[in-house]
Amino acid sequence: MANVMVVTSGKGGVGKTTSTAALGAALAQAGQNVVVIDFDVGLRNLDLVLGAERRVVYDFINVINGDAKLSQALIRDKRLDTLSLLPASQTRDKDALSDDGVARVISELREKFDWVICDSPAGIERGASHAMRHADLAVVITNPEVSSVRDSDRIIGLLDSKTEKAEKGGRVDKHLLITRYDPARAATGEMLKIEDILEILSIPLLGVIPESPEVLRASNLGTPVTLSNALSAPARAYVDASKRLRGETIPIAMPTERRNLLGRWFSRRAA
Amino acid sequence: MNIFNLVKRKRSASIARERLQILLAHERAYTGRIDLLPVLREEILAVIKKHVPLDPDKVRVKMDKRNGVSTLAVDIEIDGASGVLLMSA
Chain A
1 MANVMVVTSG KGGVGKTTST AALGAALAQA GQNVVVIDFD VGLRNLDLVL GAERRVVYDF
61 INVINGDAKL SQALIRDKRL DTLSLLPASQ TRDKDALSDD GVARVISELR EKFDWVICDS
121 PAGIERGASH AMRHADLAVV ITNPEVSSVR DSDRIIGLLD SKTEKAEKGG RVDKHLLITR
181 YDPARAATGE MLKIEDILEI LSIPLLGVIP ESPEVLRASN LGTPVTLSNA LSAPARAYVD
241 ASKRLRGETI PIAMPTERRN LLGRWFSRRA A
Chain B
1001 MNIFNLVKRK RSASIARERL QILLAHERAY TGRIDLLPVL REEILAVIKK HVPLDPDKVR
1061 VKMDKRNGVS TLAVDIEIDG ASGVLLMSA
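Heads up: the sequence lines are chains A and B, in that order. Per my numbering, the first sequence runs over residues 1 to 271. Per my numbering, the second sequence runs over residues 1001 to 1089.
Looking at chain B on its own, in the form it has when it is part of the complex:
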């Protein structure tokens, strides 16, 4: 084993730490999102229902992550007319 290998071997714990930090940041966001969407959908619907009658089948909730920006789009069809709400989360 040459000196280069020895130095490289010694760094494996810091490689492990970096890999974990990146992976878990991603996984936490992902598992969070799975649970978040249906909850958001129900709560947003409840608020709007108080003021406008609507058909639950004509509501679409979408969450997107692009270029480091997360967007939440709620598309609700009200009595033929279409109202679109756009929010950033």
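So that you can see chain A by itself, here it is in the shape it has in the complex:
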């Protein structure tokens, strides 16, 4: 039975696309059959983050309009043969997505894959509601920052009311993924703590991705961070989060400020 999962946040720039790529790759590395779909019609970027930008021929809108078959539009990752991408159209806008078309494509993908991961655009308009519409579970991406937490709260409300599952009296399984977390700044009271965010949003924590230069490096390379540097802290956090999605119980390793006085002295010298 396939899982349809939306990666959403309300706010832009918090790491939806990065997290979609990293979680998708981590699941695929574990042997799961994964498709990631870009719902950001007009502003596609998942292709770029996955390094597939020059391989796009047909897109989601072509499939919906019947100009291409689903199998023609899917791009198989060159490094992971269990990971596929359905790119968004760059020349159309979000109105090109139709309710029926999206429903048809998702149900076809359900037959072929273990995981259908929908990368939502920012905002709460059409594109975002299409992305969450058929979800069984949701990963809500939040930065430890007031506007991101507020927008996440709004998105959680929509997941509980505007999804197919909610309308049938069910519940979308919601998970919180905190990204760009800086343990040193949280320790000094400059940044919201994980407990603060959990208390406010009250949905279960899927993982904490620490702020790291490896994340930018991965997107520069067009390689999910779990592949570009598997030993880095964000890669390990994404892999652990992907295992939790599959039902494994792994204690959440809170990023801590590991540098001792000497380390701080050196980093200051380096800066």
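What the hints contain is simulated information worked out from the structure, not anything from laboratory work. Some clues are possibly wrong.
Once the Cα atoms are required to be at most 20 Å apart in a straight line, the calculated SDA-like pairs of lysine to any residue come out as [what the hints assert, rightly or not]:
id : chain 1 : residue 1 : chain 2 : residue 2
1  : A       : K193      : B       : Q1021
2  : A       : K162      : B       : P1038
3  : A       : K193      : B       : I1015
4  : A       : K193      : B       : V1059
5  : A       : K193      : B       : A1029
6  : A       : K193      : B       : R1017
7  : A       : K243      : A       : G31
8  : B       : K1062     : B       : V1039
9  : A       : K168      : B       : I1015
10 : A       : K168      : B       : E1043
11 : A       : K193      : B       : I1022
12 : A       : K193      : A       : E145
13 : A       : K193      : B       : S1014
14 : A       : K112      : A       : Q32
15 : A       : K193      : B       : S1012
16 : A       : K193      : B       : A1013
17 : A       : K112      : A       : L70
18 : A       : K162      : B       : E1027
19 : A       : K168      : B       : V1059
20 : B       : K1049     : B       : V1059
21 : A       : K162      : B       : A1029
22 : A       : K193      : B       : K1049
23 : B       : K1062     : B       : V1047
24 : A       : K193      : B       : E1018
25 : A       : K162      : B       : L1040
26 : A       : K168      : B       : L1040
27 : A       : K162      : B       : V1039
28 : A       : K193      : B       : R1011
29 : A       : K162      : B       : R1028
30 : A       : K69       : A       : G31
31 : A       : K193      : B       : L1023
32 : A       : K168      : B       : P1038
33 : A       : K112      : A       : V102
Bear in mind the structure is a predicted one, so any value in this text is a computation, not a measurement.
Using the hints, position chain B against chain A.
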């Protein structure tokens, strides 16, 4: 930067938390109310319709929040006579 500024700077995360708690408590109640009223109106109407014939245009549903008390007022006109239902939610 003097010591007072340093202490003040360090507290910004707790200020963020308090601001969010207050704001979201308000926003959750507000968005809840937008969806709640039409639903309540339809369901109350359905119950009353079972027993009394009524004109849907002569029904008013109002929700109010004052001094920490929420009130729901349903005003229904039945065949010239006016029946008023008052409930507290």
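Hints versus structure:
A hinted pair counts as satisfied when its Cα atoms are at most 20 Å apart, and K193(A) with Q1021(B) qualifies at roughly 14 Å. This hinted pair checks out: K162(A) and P1038(B) have alpha carbons roughly 16 Å apart, not beyond 20 Å. For the proposed pair K193(A) and I1015(B), the alpha carbon gap of about 12 Å is at most 20 Å, so the pair holds. Distance restraint check for K193(A) and V1059(B): the Cα-Cα separation of roughly 49 Å exceeds the 20 Å cut-off, and the hinted pair is therefore not satisfied.
With a C-alpha separation of about 25 Å, the suggested pairing of K193(A) with A1029(B) is violated against the 20 Å cut-off. For the proposed pair K193(A) and R1017(B), the alpha carbon gap of about 9 Å is at most 20 Å, so the pair holds. Restraint check: the Cα-Cα separation between K243(A) and G31(A) comes to about 12 Å, which is no more than 20 Å; the hinted pair holds. Our distance criterion of 20 Å between C-alpha atoms is met by K1062(B) and V1039(B), whose separation comes to about 12 Å.
For a cut-off of 20 Å, the pair hint linking K168(A) to I1015(B) is broken: about 39 Å separates their Cα positions. Taken as a hint, the K168(A) and E1043(B) pair is honoured in the structure, with Cα atoms around 18 Å apart against an allowance of 20 Å. Distance hint between K193(A) and I1022(B) is fulfilled; the C-alpha atoms sit about 17 Å from each other, no more than 20 Å. Distance check on the hinted pair: K193(A) and E145(A) sit about 10 Å apart at the alpha-carbon level, within 20 Å; holds.
Taken as a hint, the K193(A) and S1014(B) pair is honoured in the structure, with Cα atoms around 9 Å apart against an allowance of 20 Å. Among the hinted pairs, K112(A) with Q32(A) is consistent with the structure: their alpha-carbon atoms are about 11 Å apart, no more than 20 Å. The suggested pairing of K193(A) with S1012(B) holds, with an alpha-carbon distance near 11 Å, which does not exceed 20 Å. Using a Cα cut-off of 20 Å, the hinted pair K193(A) and A1013(B) holds, with the two alpha carbons roughly 8 Å apart.
For the hint linking K112(A) to L70(A), the alpha-carbon distance of about 11 Å falls within 20 Å, and the restraint holds. In summary, the hint linking K162(A) to E1027(B) is supported, as the alpha carbons are separated by about 17 Å, within the 20 Å threshold. Restraint check: the Cα-Cα separation between K168(A) and V1059(B) comes to about 29 Å, which exceeds 20 Å; the hinted pair is violated. Simply put, K1049(B) and V1059(B) have alpha-carbon atoms about 12 Å apart, close enough for the 20 Å limit, and the pair holds.
At roughly 17 Å between alpha-carbon atoms, K162(A) and A1029(B) fall within 20 Å of each other, so this suggested pair holds. The hinted pair formed by K193(A) and K1049(B) fails the criterion: a straight-line CA distance of about 53 Å is larger than 20 Å. Distance hint between K1062(B) and V1047(B) is fulfilled; the C-alpha atoms sit about 18 Å from each other, no more than 20 Å. About 13 Å separates the Cα atoms of K193(A) and E1018(B), which keeps this hinted pair within 20 Å; it holds.
In summary, the hint linking K162(A) to L1040(B) is supported, as the alpha carbons are separated by about 18 Å, within the 20 Å threshold. Note on K168(A) and L1040(B): the hinted pairing holds, with a Cα-Cα distance of about 19 Å set against a maximum of 20 Å. This hinted pair checks out: K162(A) and V1039(B) have alpha carbons roughly 15 Å apart, not beyond 20 Å. For the hint pairing K193(A) with R1011(B), the CA-to-CA distance comes to about 12 Å; that is within 20 Å, so the pair holds.
A hinted pair counts as satisfied when its Cα atoms are at most 20 Å apart, and K162(A) with R1028(B) qualifies at roughly 15 Å. A distance of roughly 25 Å separates the Cα atoms of K69(A) and G31(A); the hinted pair therefore is violated under the 20 Å criterion. The straight-line distance between the Cα atoms of K193(A) and L1023(B) is roughly 18 Å, inside the 20 Å bound, and the hint therefore holds. Pair hint K168(A) plus P1038(B) holds up; C-alpha atoms about 19 Å apart against a cutoff of 20 Å.
A distance of roughly 16 Å separates the Cα atoms of K112(A) and V102(A); the hinted pair therefore holds under the 20 Å criterion.
Violated hints, in rising order: 4, 5, 9, 19, 22 and 30; the structure is consistent with all others.
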